[in-house]
Amino acid sequence: MKISEQIRFLKIKIQNFRQYYGVNEIDFVDRNTGFTVIFGKNGEGKSNILNAINWCLYQTEPHGVKESSSSGEEVEKMPIINGRYIKELKNETKAEISVDLWIQKGETTYIISRKLSAIKHTLETKTLSSGLEQILIFIEEKTGIPIPKGCEVLGKPHSNFQVRAKGPSDSDPQPTEKDGTPEQIVSVILPKELSKFYLLDGDFLEKFWEDRRNIQEGIELISQLNLLTASQDYIKNAMPSTMNIGKESDTISLEIKELENINNSVDNNGTPLFSQDERFKINPDEEKTRFVHLSGKPRLNDLKEDKIKITKNYQNLKKELLLIGGSTDESIKKEYAENSGALDELEENLETAKAKLMKNYVTDGPQYILKQAIEKTVGIIDERIELGDLPNKNKKILGDYLLKKGFCICGEPLEPGHKRTEILNEFMKIALGNENLDSFQELGWKYKNDFIANFENWNKEKFGAPLENYSKLDDKYESLTLKVSSLQKQLGNTGKRAKEISDLMDYHSQKIESVATWIAKLEIEIKQNNNEMGKKNIGLQTILAKNTRATRIAYQRTIWENAMKKFESVYDKLKNDIRNDVQEKTWSNWKSLLSNDSEFSSLAIDEEYNVSILDKHSFNKSLNLSAGQSLLLTLAFVAAIREPTGFGFPLVIDSPAGKIDGPNSHNIGDNLPDFLPDAQVIMLVTSKEYTDFISPDPDYPNIPKTPVCELFQKKINVQHYRISKEKDETNLNVGNSKIEKGKLIFNDAVNHEGYMVISDE
Numbered sequence: 141m142k143i144s145e146q147i148r149f150l151k152i153k154i155q156n157f158r159q160y161y162g163v164n165e166i167d168f169v170d171r172n173t174g175f176t177v178i179f180g181k182n183g184e185g186k187s188n189i190l191n192a193i194n195w196c197l198y199q200t201e202p203h204g205v206k207e208s209s210s211s212g213e214e215v216e217k218m219p220i221i222n223g224r225y226i227k228e229l230k231n232e233t234k235a236e237i238s239v240d241l242w243i244q245k246g247e248t249t250y251i252i253s254r255k256l257s258a259i260k261h262t263l264e265t266k267t268l269s270s271g272l273e274q275i276l277i278f279i280e281e282k283t284g285i286p287i288p289k290g291c292e293v294l295g296k297p298h299s300n301f302q303v304r305a306k307g308p309s310d311s312d313p314q315p316t317e318k319d320g321t322p323e324q325i326v327s328v329i330l331p332k333e334l335s336k337f338y339l340l341d342g343d344f345l346e347k348f349w350e351d352r353r354n355i356q357e358g359i360e361l362i363s364q365l366n367l368l369t370a371s372q373d374y375i376k377n378a379m380p381s382t383m384n385i386g387k388e389s390d391t392i393s394l395e396i397k398e399l400e401n402i403n404n405s406v407d408n409n410g411t412p413l414f415s416q417d418e419r420f421k422i423n424p425d426e427e428k429t430r431f432v433h434l435s436g437k438p439r440l441n442d443l444k445e446d447k448i449k450i451t452k453n454y455q456n457l458k459k460e461l462l463l464i465g466g467s468t469d470e471s472i473k474k475e476y477a478e479n480s481g482a483l484d485e486l487e488e489n490l491e492t493a494k495a496k497l498m499k500n501y502v503t504d505g506p507q508y509i510l511k512q513a514i515e516k517t518v519g520i521i522d523e524r525i526e527l528g529d530l531p532n533k534n535k536k537i538l539g540d541y542l543l544k545k546g547f548c549i550c551g552e553p554l555e556p557g558h559k560r561t562e563i564l565n566e567f568m569k570i571a572l573g574n575e576n577l578d579s580f581q582e583l584g585w586k587y588k589n590d591f592i593a594n595f596e597n598w599n600k601e602k603f604g605a606p607l608e609n610y611s612k613l614d615d616k617y618e619s620l621t622l623k624v625s626s627l628q629k630q631l632g633n634t635g636k637r638a639k640e641i642s643d644l645m646d647y648h649s650q651k652i653e654s655v656a657t658w659i660a661k662l663e664i665e666i667k668q669n670n671n672e673m674g675k676k677n678i679g680l681q682t683i684l685a686k687n688t689r690a691t692r693i694a695y696q697r698t699i700w701e702n703a704m705k706k707f708e709s710v711y712d713k714l715k716n717d718i719r720n721d722v723q724e725k726t727w728s729n730w731k732s733l734l735s736n737d738s739e740f741s742s743l744a745i746d747e748e749y750n751v752s753i754l755d756k757h758s759f760n761k762s763l764n765l766s767a768g769q770s771l772l773l774t775l776a777f778v779a780a781i782r783e784p785t786g787f788g789f790p791l792v793i794d795s796p797a798g799k800i801d802g803p804n805s806h807n808i809g810d811n812l813p814d815f816l817p818d819a820q821v822i823m824l825v826t827s828k829e830y831t832d833f834i835s836p837d838p839d840y841p842n843i844p845k846t847p848v849c850e851l852f853q854k855k856i857n858v859q860h861y862r863i864s865k866e867k868d869e870t871n872l873n874v875g876n877s878k879i880e881k882g883k884l885i886f887n888d889a890v891n892h893e894g895y896m897v898i899s900d901e
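Heads up, the sequence shown is in my numbering, so the first residue is 141 and it goes up one at a time.
Check before you lean on any hint, since a few could be wrong.
[As the list claims (entries may be wrong)] DSS-like mimics (lysine-lysine), calculated; alpha carbons at most 25 Å apart, straight line:
id, residue 1, residue 2
1, K347, K151
2, K731, K612
3, K153, K266
4, K421, K761
5, K227, K499
6, K602, K676
7, K623, K494
8, K639, K437
9, K347, K828
10, K428, K397
11, K447, K421
12, K289, K496
13, K661, K559
14, K496, K855
15, K227, K282
16, K878, K452
17, K397, K437
18, K437, K612
19, K230, K318
20, K260, K234
21, K878, K260
22, K452, K397
23, K496, K336
24, K449, K421
25, K588, K675
26, K639, K459
27, K260, K306
28, K255, K336
29, K245, K227
30, K612, K686
31, K878, K855
32, K153, K447
33, K347, K459
34, K705, K499
35, K661, K347
36, K878, K865
37, K296, K255
38, K639, K474
39, K347, K245
40, K686, K713
Source of the hints: derived by calculation from the structure; they are not laboratory data.
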């Protein structure tokens, strides 16, 4: 199957799954027809449509740990088997729930079905103080899903997972066992790793930018760049081993392997190694405990991700302190808000300036210190070139030519076995073993032209200007920190929670500083390890070239190493091209969604997938986006990764506008149809984000109050469905939701003027 083939959902049938009693079906429209919008109140089952798709495809339910009532309160999680259905069923009979999903990929339609069966015994319930009866649940050990207490899950064939396919020449759907297991087939159609990029909930959209791995996975997995790394592994495995050749070469080979393991944080078997340091948790009660890698690049990535999380949490604490500030002086609150915001921006810019300066120190510092030695070395290289000692590849070309011709440059014949011929062969063998030294010639020319001849400008660019910029920002930061600290004390001088927040902020501040120090040290350590490996590899090649038995191995390794370099060059270029394409498209999409795109000047995604978003004053705002701005940026990114990667997956979006202000809600309604021209879009919405009039905003008085539903209908057809829920006055977690075709109407009643989605009967 081609990844570029368009994928779309045709239909879903949900039977007795969670809230949904009986059989409920949705026919999804394609993009040529319009959008599918499913309307419902909180607690009626919108997110469980996402869960139904996830459960059918991957046997997971990631969207929401607990159910929420219509009032927004959390209640006990419902069992996966519909409560009303299991309650009505007779004891000692079989209960069945199922989700069937019809997916079209290219010209093939797949029918994916998952069924769970259980025997109902006597249900266990409890009566709450309110008088309501609640069905108790337990977590089924094998699957990890919530089951009513008193039910016994049945295995195969009663519970099963199957995929059928109907091609253009098939009259009926056909079994797919010959093509692989159902899990394997689903992984080809829509891999589980990509589910978070097409089954989107508002919480994920808002928090997306807190973890740069989301950006990396979105670009690399969807473009299938991750598959190319398998080729790199193949090349590494194909390289002949340098072990068991000689004591000296074995020692160096082991030392190189040890340094590689340190940089990759693995043992000799390739098993990842972790330290005892715990990863930072924003929500300790909800997040699993994870540990920081022991060393190298994986540890560096962990620390960088944690630093982003700690910084984000620190800023959230600042905002909370402002909201509960003990001072009644509004002028102090206003001054604190303005200065703490400026401090956040200044802190980001200071970190960026420091990182640039440290990177230059690590990368170019040794070059600066060794300037005189480099000048002397370049002089020696020039002398050797004049004497004909370099390049060695020319010696090999000359030797091959003489042997083919059969005569020495002196005119004497080169006969097999003759001493003259043996001398030439030895000459060529030495040249072959020293071909790696030719790189010194190229390096010498580079240093001569780019470094020595341009040293003054080079020094200013690498150290002078960055140091001056960092010093200015550092002075500003120190002054502003003292001011904010003073205002913070005035705000937090009363109240227990204010004191707790102040202490937490101090802890976070110290943690940010210590993690930044670890990152700087680790970057230097990795650089030193790479340099050491480079030296040892040169030494190893020299030793192997002198060993007759190892000459062939050395030659083969040279070929594979050159192949690896070329592959890495192509891989890096492809990755950068895709990253740049996604970056540009994300920026374009985001500007089209923002109510005020002039607030920001640029967006950049660097090689390590860190994001910087500069405002019109060139301050980095990536960690200071509002919930609405972050949500819109994620939506823009998800839309962007579909284009350069060619992966035409559908988008199912749950509550995308719940935390977006009026102006940006207007832009979603006005622009969403335009920047997703070929994507199938399925939206799960409430009245607040769809049918309600857009709230006025004093900063944007010209934004009309037109609701999103009306804005959509001006540009695209919309097929509506409505979720309705019957109340059960005696049972707390008995689901009575149903899905019906709906229609949008305008109600001009005095007490409720506006749009509504009603059942289309």
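**OP:** Output the numbers, in ascending order, of every earlier hint that fails for this structure.
**Re:** 1, 2, 3, 5, 6, 8, 10, 12, 13, 14, 16, 18, 19, 22, 23, 27, 29, 30, 31, 32, 35, 39, 40
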